[in-house]
Structure formats: C-alpha cells, structure tokens
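2 protein chains.
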Amino acid sequence: MSNDQSTTNYRWVGKRTPRPDGVDKVTGRARYGDDMSVPGMLHCKILRSPHAHARIVSIDLSKAKALKGVKAVLTCAEIPDHPLSEPPYAPIINDMHDISRNVMAREKVLYDGHAVAAVAATSERIARAALKLIDVEYEVLPHVLDPLEAAQPGAPILNEDQFTFGDETEPKVPSNLFRSITGKRGDLEAGFAEADLIIEREFISEPVHQGYIEPLACIATTSEDGCVELWTTTQGHFVIRALCAKLLNMELAKIRVTASEIGGGFGGKNTIYGEPVAIRLSQMTGRPVRMVMTRTEVFRASGPTVGSRSKIKMGAKKDGTITAAEVDTWYQAGAFKGAPVGRAVETYFSSYKIANVRATCYDVCVNRPKVAAYRAPGAPMAAFAAEGAINELADRLGIDPIDFRLKNAVGEGDESLMGSKYGQIGLVEVLEKVKSHPHYAAPLGPNQGRGFALGYWMHGGGLSSVSAHLLDDGTVTVATGNPDIGGSRSSMRVMAAEELGIDIELIKPIVADTGSMGYSHLTAGSRTTFATGWAVVNAVREIIDKLRALAAKKWGISVDDVIWESGQAVPKKAGQDRIKPLSLKELAGMATKMGGAIAGHSEINAGGVGAAFSAQLVDVEVDPETGFVTPTRYTVVQDVGRAISPDYVEGQMQGGAVQGIGWALNEAYIYDAEGRLQNTGFLDYRMPVASDVPMIDTVLVEVPNPNHPYGVRGVGEPCLVPAPAAVANAVENAIGRTMSWLPLSPPKILQAIEELKLAAE
Amino acid sequence: MSNDQSTTNYRWVGKRTPRPDGVDKVTGRARYGDDMSVPGMLHCKILRSPHAHARIVSIDLSKAKALKGVKAVLTCAEIPDHPLSEPPYAPIINDMHDISRNVMAREKVLYDGHAVAAVAATSERIARAALKLIDVEYEVLPHVLDPLEAAQPGAPILNEDQFTFGDETEPKVPSNLFRSITGKRGDLEAGFAEADLIIEREFISEPVHQGYIEPLACIATTSEDGCVELWTTTQGHFVIRALCAKLLNMELAKIRVTASEIGGGFGGKNTIYGEPVAIRLSQMTGRPVRMVMTRTEVFRASGPTVGSRSKIKMGAKKDGTITAAEVDTWYQAGAFKGAPVGRAVETYFSSYKIANVRATCYDVCVNRPKVAAYRAPGAPMAAFAAEGAINELADRLGIDPIDFRLKNAVGEGDESLMGSKYGQIGLVEVLEKVKSHPHYAAPLGPNQGRGFALGYWMHGGGLSSVSAHLLDDGTVTVATGNPDIGGSRSSMRVMAAEELGIDIELIKPIVADTGSMGYSHLTAGSRTTFATGWAVVNAVREIIDKLRALAAKKWGISVDDVIWESGQAVPKKAGQDRIKPLSLKELAGMATKMGGAIAGHSEINAGGVGAAFSAQLVDVEVDPETGFVTPTRYTVVQDVGRAISPDYVEGQMQGGAVQGIGWALNEAYIYDAEGRLQNTGFLDYRMPVASDVPMIDTVLVEVPNPNHPYGVRGVGEPCLVPAPAAVANAVENAIGRTMSWLPLSPPKILQAIEELKLAAE
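If you're matching them up, the sequences are chains A and B in order.
Numbers 1 to 761, taken from our numbering, label the letters of the first sequence in order.
Numbers 1001 to 1761, taken from our numbering, label the letters of the second sequence in order.
In short, the hints are calculated from the structure, not lab data.
Honestly, I wouldn't trust all of these hints.
Claimed, not checked - The following residues of chain B were derived to be distant from chain A, with all beta-carbon distances above 10 Å: (1) Ala1245; (2) Asp1414; (3) Ile1510; (4) Glu1621.
Said to hold, decoys possible - Label-pair distances were calculated between CB atoms; the ranges are: (5) B:Leu1683 / A:Met594: 43 to 53 Å; (6) A:Lys580 / B:Leu1084: 28 to 38 Å; (7) B:Gly1028 / A:Ser123: 18 to 28 Å; (8) A:His82 / B:Gly1028: 26 to 36 Å.
Said to hold, decoys possible - Sample of chain A residues with no beta-carbon within 10 Å of chain B, all distances over it, derived: (9) Glu78; (10) Ser180; (11) Arg578.
Since the structure is predicted, the reported quantities are computational estimates derived from the model, not experimental observations.
We put the beta carbon where it would ideally sit given N, CA and C, even for glycine.
Put together the whole structure using the sequences plus the hints.
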C-alpha cells in the first residue's frame, strides 16, 4: 500500500480517518432494507415464471384470494401499462413500457423468474402458501439465451412489438436486435494496409451478478390521500421515487422515499423491482407492505450485467504503432432492450491514439433477466476483448506491454470514440508507475504467469443536493441525498472539515430522505464523491460566508475584510491585529442571536468530469492437474485524481480487482436446456471469497481533476474495467496460449492444457 | 360560524381546504410515538416515588439486575449532574441542574411519581416485574402543596440549594420562593385616591393538565460511535435534541431526532422526561430502547400548568376610567423553579390603559410535578383574576362590561407591563364585534347567566427553517422542522400555493428530522404559522426567483423583465406579447437541464410578532339542585391577523374555549393527606367531552399583522386566556354572587347557593 501524496497541505483530505458508519455496519446495528417493521404490516411474496419463455394464457387468483390471511393478490392488471417509448430513446433504461413488464409480466413471461403475480398476507408463511394456490396456464415458447443466436433471423422473438431501431426496410420484422451504436474515425482499410501485424480474435464473456450481500427489500405505506412512504435499499432514493411515480402515474411529491443502509449495490440497486408491487399492494389493502426478495429471487429476477460476444481485428506496425482496430460486439440485454452499448464503444480503444478505428456494439434481447448496471456497466467485457487483443499484438511484436501502451497512449485534448474529450489525465503517469513497480520485475515460479491490462472510465457528474447546518455548539450536520455505499459519508465529512477548518468528529454526515432534500442522482457512476462532494464544498462555503458576515457585523468592519482561516474568522487588514479571531464554535454560539440558524445549501448539476485510468498487474499460478487458477499477487495502479479518504479509495480498488477475479475465473449463470437458471445461490454461483484472493496492493496516482475543487475523479468503477482482462492475460502467460472465453474455470483451463499437449506432440 | 373576509383577493389564503394529514390521523394510520418498533428493541419502565417528599437513603438494584430478560437498570448515577445555573437565569426552563433531577431524582424525591430508577428489558412485562424488585429506602419528609404556604418561612424546603433570587440578606436561608417579577408604572397611592370605587379580591386556580390524548413515548438507538437516533412525540424535535445533548453532555450533531406524529401537546411536550433515560439505557445496552408512559405516569410525573393564588385590588372612577390596579400572585412551579411569572405580569392588565399599576408574581416550589407550559402559559390564571376584578368593577359601577373595556382599551403605541409595544392591533374591533353579536343581546332563561372576558396574548416568533423543493413534474415538497399539531401542514401548504400560484394539491408539506433541516423552534407559543410560515414564504420566493431567471435565460431577456403571475413566468415589458408565458410545470421540467435542482431555503429569526386579543361570551345554566353547570352557548371573537386556513383557526378557537370550560368547571389535581395524587386517569380527572360543551361559535376578526407577509397573528393561545374567566363570570351571573376559586365544581356551586340562601334569610 503506497500513496503518492500531492504536495498540498491538507489537514483532512488524504488522511486515513475512521468511517462514520463502519462499526454499525460490521456489528449489524445499521438498519438495512428488511430491518424495519411497521405496525399492521403485511408481507408480500411474488410468484415467478418457471419458464424461460411462455405466453400467459390465464391466471386464476380465486383460490389464493380465498386463503385466510391473504389481503390482496395482484397481477399486471394492477400495474399501469405504458406505451412504447419513441426514438431517440434517450432514457431506454427508464423505459416504462419495459419496466412495467419487467416488474410484472403482461402478455408473456420472458425469463425464468419473471414476476407474474404477487400476494400480500398477514405472514410470510401465508403469502408463500398463497403463491402455490395461484393457477397460471402457460403456453411454452422456444427460448434463446445467446445474443448472437438471438440476433439471427428466425430466432425466437421475445418482444413482438420491438423492431430494430434505424431499420428503414418495409415491412418491418420484429427483432431481438434493438439497435447498435458505432463509433469510428479514419480509414480502416488504409489502416490495416499500413499494419505489419494483424490479429483477429473472438472473445466471449458471460453475464455475472453484482452479488451484493443484501437482497432487495422494501416497505411501502400508503395514506388515504394517496401519499406513499417507501423504505428501501437503493443506490438512489430520488431515482426510485421518479421510477415509481412514473410507473404508477403518481405525482413525485406524493412519494417520500427513505433509503435504508445498503448492503452493496454495484449498480444492481439503481432500478425498481418489488417497490411498485409493494406500493400497489399497500394501496389495495390500506396497510403497510413489506417485500423482501430471497437470494434465489435476486439471481433469477434481478439484473446481472450483460454477457458479450466480440469479434475484434487489430493491426500494428513493428514499432508498436497501432494502425487500425475494429470490433463488433453483441451484448445480451436480457428480456428487455437497454444493454450499455454506448459505454462499450466508449471503452473499446479509448486509452489509445488509433488513427483508423471502428467499434460497433449491438443491443440484443435474450430470455434472461433484464440486465442492470454493474460497476462500469458495459466496460469490463469491452476491455477484456480490446486489452486481450492489444496484449497479443504486443506479445507477437515482441514489445513490452507497457511500452506498447505508452507508445499509443492518449493525452490531453484527445477524444474517445464517443467524443469524450480528455482534459488533464494521468494515463502516462499510471503506466510509468506500473513499469517501475517491483511487482513488474518480480520473478515468476513454475506454472505461474503475469498479466497486465489497462482500463478507462469516464465517471458521472450531474445532479446532487446538499444542506449543511451549523449547530449552536459548533458541530455541523451535512445532509446529502446519496446513500452511502463505499464510504461517501466519510468523504463528505472530510471535505466539509477541510473547508471549515474543524475536526472531522464535529461533523455528522446524514443521508436525508426525498422529502427533505433536493434531487440527488444515484450513488453510482463513480459520481458521489465528485458531484455530491462538490455540492458539500459549495454548501459549507456558504456557511463560511455567513460566519464571515457575522464576524464582520460583530467587529463593525466590512465582510470583505474578514477571511476564514483554520476554522476561524480573522480580520484581514493590517492594523486590526488587536481584534481577536472568532472561532467557528464562538460564532456558532452567537449565530442564532444575530439572525436565523446558519445553513448552507447547494443544488448542482456537476459537469467537468475527468477520465480515470486503472492499470493492473496480476500473477496467477495454474494447477496443471486440476486447471485451478490461484491469483498469487495483484497490484492496482490508478489515477484517482485526489484521494479524499485513501482507505476507501483503496477499498474500492481492491474490491474492483476482487470482482474482476470472479468474472475472470468463476462466475457465470448456468441454464438448463429449458432455460431455467440452475445456480441460484452462492454455493453454486461461485464468487471469490477472502481465501480465493491475494492481498491486493494499491498504488494511488494523484493527477487532480482540475474541474473539481479537490481534484476528485471517480474511483469506484475504473478498477473493475481491466481486471478480467488482466487475470485472463496472466492465465494466458501461465499456460502459454490465448484464452478468450470467460470464466476461465478449471474445465476450460484443463481443456486448453490438453490441446497444448496435443499440439506439442 | 362567520368569517370577516378581508378584501384581498387570495386564491388559497382564507379558503377552507382539506387537512393533508387529516384522514391518516382519524383512521389511525398516522404513526405516533409508540407506533414505531425497531429490531432488537428493549422496553423501558420507570420506577416512581410513592412519596410526595422523601430523602433517598439507598437503592438496591441487584435483584432487578438479576432478573432474566433485564438488560440494564439505571438510577441518577447514570444521568449527568449539572451545577446550579447562575443569575440572570434567562433560560430557567432549560436549567440542567433541575432537569437532571426531574428526569431522575438524585438526593430526594420531590413529588409523588418522581422517577427514581429505570429498567430496560426484553419485554414490558419483564420490565414491570423488575421495577418491583428494586428496593428503595426512603426517609419520608413533610411536604407542601400550596404556593402561599410553601413561600412562608418554616415551610418544608424542597431544594436546599435554592435561595430567593435577589435576596441580598446574609446568611441566606434556603427557600421555596425562588423569585418574583414585578411590572409597574405610575403612582398607585394617587391612583387609588382618584378612584370612586375600589375592590379587593382573592382568586385561586388549580394546576390542570394539558390532557393530550397521546402519552409521552419514544425510541432511542445508539451507535458504537456514540451517535443517537431518537423517535419521539414532541412539539419540537430540535429542542429535544438540544435538551438531551445538554443533559447528557453530548454534541448536538450526534443526536438525530425524528418527530413522530403528535397526539396533542398544548405545551406539555416541549421538554424531556423519558427521552434521556431511553438514550442512556440504549447506550448501556447497545440496543434500541422504547419508553412509553402510561396515562397514570403522565398525570403523576409530567408537568401540568401552574396553580395560582392572586390578591388583586383595582380602583375606577364612576365614568369607568380605571385609575389604579395592583396584584400579587403566587404561582406554584411544582418541584423545581420555573413558573411562567413573567407571562403573568405581561398578561395582567395589558388590554387596558391604566396609569397607576403594579403586578407581582412569585415563583414558588411545591411538592408537585414540575410545571410545564400549557397553552398561553401563565396567562389564563392571571386573566381569571384580572378579568374577574374588572367584571366586578363594571358591574358595581353599572357600566356595560364591553363599554367599560372600550373606555380603557389599549391602542397602537401603548405598552404592556413587561414592555411589549403594540403595533396595529384589533382590540377595539374585537370588542365592537362582540357588542354587535346577536349572542350579546339574546335573552337568558331561569338559572342562566352570561359571562364575558377578554384575553391578550403576544405570540412567539424566533427561529424557523424551511427547505422547499420543486420537483420535475411541477409538484413541490415543503419541508419544515415543526411537528404539525394544529394544522400547520395545511397553513404551510396554503401559503406556498398562494405564492407559487399553483393548486395546493401539488404541494406536499413534510416534517423533516433534525439531521436534514436547520434549527426550528417549538410548535408552541402560537408561533408556527407566523414564523415557520414566514420562512415558507421566503423559501418559495427563492424558487420563484430561480424560475424567473430560468425563463429569462430561455427567452434571452433580463430577469428583471420577468414577473411571476398566477403560477407562470410572464415577460413584463410591452412588445413581448409574443413570448408565451412559461408555467411552473413547464419550467420545472426544464430546470434540471439548465442547472441544478430548484430549491428555496430560509432560516429565519422572526421578529415582528403581533398582539392578539380574544373576547369570549358564554352562557351557562346552573342546576340549583346539584350545582352542575351546563354551558349553553359560547362565542369566541378573536383578532387572528389573517386566517390562513380558517377551519383550523376556528378549531383552535373552539379548542381553547373547551379547555377553558374544563379549567373553569371541573379540572383539578386531587391529593391525599400524604401528597399522593388520587385522580390519575381520565375517569377521575374530569376533562370536558363533546357532550359537556355547546357548539362554540367563532368570529374571526382580521386586522392583519403588518410585519408578516400574510398578516398572521398567533391564534392557538389567545383563545384560552379569557375562557376560564368568562365561564366563571357566567356562573357568577347565573347564581348572583362572585366566584373566585376554580374549578367551579358542583360542591362549590351548591355551597355558594346555600350561602346566598342563608344571607337572604
């Protein structure tokens, strides 16, 4: 663990400080989604499809309704339908036509686990019993799980009202291929003609689940006047409010959402599943309704990330100059459109200056749960293909992989394929730090290999709101609208303390509900410390200005002659030395006697996001007998802009690497021939546990984002982007051949070793 | 029910609109203090003194602690002690030395019901069982219940460290008389010399309880880092935070208080009782702790209002000019100092111009629960004496009681005895409205009498905070820090709708917790619609300014050229007719695309409070056989400044009158010879129920308070001030003699009738 400290002289920023919610979270005192109960509460259970694809012929609720203790039963008839959204489809991810059908199946079920009905009963036991009394008649249809197959003519069609966007032929034919996004520049033909070496590869990655510890859970309460209160585990209660309101045709102000503590999200808790169902049941019964999903339901019915198939072609000169690159990728969106195809194109070759390039990504529906975001959505699978190809190019040209990347590295002023323009970035610094790291030159043992990959991510900004309140005793509350997932309470507190010049222990970070705070976008997209943190800085600066004015009033001088320094108001002008500075605490005590309570507020729409790069070195050892891969050493080097709370930044980097190890080596959805998910628990869906991973070493490179008051760049997502590629590259090096299909589970490794032996014989 | 509509052309202000929380409150869906549960919660019960006055010799907790299911037991040893506060005693009501001892007795118990120990156990049953296992050894001391007796030398002393403030003699002698407040002007001797008629009277009133429906209840949760969350029924969660923090030596920011719905307060929920006990038990056990008081505990151990004894002397000329007035009043503070003596002096003669006057009120400790505020604290008992004397003066001079008051009425520029200066007031308008009301001239039947009294109250202002948020769909949340007792959600919504020019249904009023909002003082002192409402107006005006700026940006004109009219931005200048106005909803939809979320905030310290006068006419019928008094007609005429929500203003006026009927006719604490309270439930403590009262007619006089944007004056308290005096005056008229000792219960009436018969014989 090392830390490139910048030379700035901060008191709190960059220091290792305790996490405000840490002990509560590890001792179980923090209240999560199902740690709330309300008097008179009913329990909701959801009936789910046993088929991957079927037409719903009829649903008979009569027996379930008759069961004692059952207070309401609903189907899609109780969830408003919405028209298909029209081009240009900007908010596909919030398409109410699709969300309504995902929340509760309408004409058809589209995946194993798709919700078809729900029960509210006085106990969970009764609710479960009632589910068994619901008779659903299905007409089973052929299904398709693979995106390439699903995109072919003649494949089973999931959504008969879906056509390929941009397809101008008539008559239109329903298609699982919804749309594609292409980014390109230069002249591919000329580019490949210039190349001394051209490689072509196919890469496959499987859908993987975020695997958050806490299953989805909520409680909805409805008042007579139609107002709803919702307690839920979410990455963004304002977004949940917006989605529920839109889906249920309600006014925003009539839904008040409180975010519980959240036991992990990683993008998987950005949207709604059971929330509108709980609200509707609450409206139907007039009673509070709790909905808690089981782990099996989480796997069967909540969104994993996309699976992908990529066909990539790259060419380079002997000197290492990449002359051309092209790629086609099919992303499986699950049952409804909305795979992060733009993010794939954005990711592909964005770390490199390539004159001639084209990247196309296809958004294809298959009979799987609708995909959700997962930490850098759309990027790791794109990086797996692109970095895999680049590693092969460098290897075959005999060029050091870092040097190869340095030769082609983008810099300030360059643009990504989706048009993101880079400002001051730390890519070269990151690569050089890897090269000089002891890990890079460390010797390897037998059956060991070393992998490397680079990842790029442009984090989010957008809407965040903050209210900071100075209390009479000089303590401060800082309320935001962002659930704390990865330590944002800490980073908010640190920035507030730094600005105010007081001890962090005097500051209490608060997550406020939607009724008390301005709109705040998701805790997602690596945006929170950047955007919400910026709003915190604005809000406490307003407090400082008010305190300066208070001191000026007290001293009878102009506010312009008062500066704020080390937690106190100080007269600026020479000759005022006899005026004793007034501390924040002193001013706080006077404040309400000289005016109203002292507060600062900020509602911002943060622009000025900065690109971040994460480079990862990993060593693995392959057991040639079993094909089992053990990561033995792992180093993450990342440009973090500035680490407000280094512990949590390192935690993010380590967490990203660990999830990448899971993607690379083990995680996958296993379906039977009927399209039923077979591994619906953590015993069968194999995520890495502590004993599966080495200590993840982290190197924080700090090239500040000049747009942010503290130079923050998003740190949560870049660290996952290159991880699967780096691990796969290490396996390739260990066994001596390319590996292109994740996860690299023991059977695949053994098969590769066998093939190598056969080839050598 | 009539309504003096002002001529202003408001859309919502002054209209009768549904109460946002009404249905929830009457259907039991609203969540009150004990309607919350938290996983792992313990139950707290409090052991209370069976003695009115006793020294605590020892407390043995060992048996209670050993009981299975008991998790913690505490005494005063766990509640921090605080030094005696020093003069000038500004915040007596928040004196931590006293509050600590009231929350948990230390050296002595000072009243029947005084808390001595508390238990947290896994069930209420176990907690109650554990109380019986606590052995307390008491040394019983003589007690005193009457304030005049308690103020005499030789009376049993409650607090040995208490001396009479301002007593300059040495050595000082401990005293139950803590202090007195005097207001005076002119030359009393000369004034009485001028008088044609001088009367002297004594008046007695008993302590009465607020009688809120919901007993006190809370849940406290403590985190490992020392942060506390408290859910409680209160009139001001910010005040509860301040008191708990001060008492427990905690930082303000480390306590987050959420106000439950509140089932009545009337001043009785302005302070702390079980809250710090629940917090300490939560800290000791690491588990959430719920404390719910029974009705018996509420009567025995929470503060009623003061009882009083007054000696009053007044003189007037034949023409009705009051020439002099003097009064001495002893207020019983209960076990600890802090009776509202200043408010008594403020109240006494404040409706009248009297050249020569003195009023003194004494703050005396007695062995009763420490008094708390009760709707116009200190005023109704002062008005009972002053108005009683004035009615007698008018009667004996043969002057109509209204004319008598009109002759002496104060006006703009006059001052109260405590120095409050009247601005524009509606006293004369109120009196004239009474005189012209049909009730005033209506005939009376046999055994019937008509009473009249006038009340004055200067409502509160002070600190309030508001955050209003405009949502994407044009709906608005208006968050305040004030629990809604009497309909403040409605008045906030009405003022916001009026300013914004939109339908009230688009506005959702929210009560925010202490973590999300700036300091907001109590919902008390008739201050909320005035002060918090003012902050609402400020906050939504900030929203309007932002929307004007948004429209200006859209239109490319100066913001100064955009006005806000009927819910839309309109270009002001001639020649811009072609620009189509932009509605709030349209602007809301654009807002976040052109900047951050749109919010308005206000933290104010509202001055400019306005004096309010309530005049009440009441008819009663006395049953000469039983002494039972039936109020048969009641009219309240009050200057309400401006009625934002007339329904709730009328409700306040009616509620004040009803409580006054209770004070006047039935309510009193009954103690046995040992000083033990005998009537600890609503069967024995006789509050008026619906069948005890006539329809209360209300007449709203609207003389706007020029300091407030909508002319608001406080309305909740003035209506109680004259009520006991008016009812007593009606009884006097019915039976034909003066009555000076409340409550006028049947035995007292019968006795008076008997005495009259004897005198006539």
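Find the nearest Cβ of chain A to the Cβ of Asp1414 of chain B and say whether that gap is larger than 10 Å.
holds, 28 Å
How does the Cβ-Cβ distance of Leu1683 of chain B and Met594 of chain A compare with 43 to 53 Å: does it lie in that range?
Roughly 51 Å apart at Cβ, these two residues keep to the hinted range, so it holds.
The output says Ala1245 of chain B does not contact chain A. Does that hold with a beta carbon cutoff of 10 Å?
The claim breaks: Ala1245 of chain B does not keep its Cβ more than 10 Å from every Cβ of chain A (closest is about 7 Å).
Beyond 10 Å from chain A, beta-carbon-wise, is Ile1510 of chain B?
violated, 4 Å
Far enough from chain B: is every CB of that chain over 10 Å from the CB of Glu78 of chain A?
holds, 21 Å
When you take the CB atoms of His82 of chain A and Gly1028 of chain B, is the distance between them in 26 to 36 Å?
Given about 35 Å between the Cβ atoms, the range holds.
Compute the least Cβ-Cβ separation between Ser180 of chain A and chain B, then decide whether it is above 10 Å.
holds, 27 Å
Please settle this one: Arg578 of chain A was flagged as non-interface, so is its CB more than 10 Å from every CB on chain B?
holds, 30 Å
Does the Cβ pair Lys580 of chain A, Leu1084 of chain B satisfy 28 to 38 Å?
holds, 30 Å
Is it true that Gly1028 of chain B and Ser123 of chain A lie within 18 to 28 Å of each other by Cβ?
holds, 21 Å
Quick check for students: does the CB of Glu1621 of chain B sit more than 10 Å from each CB in chain A?
holds, 40 Å
Hint violations for this structure: numbers 1 and 3, all remaining hints satisfied.
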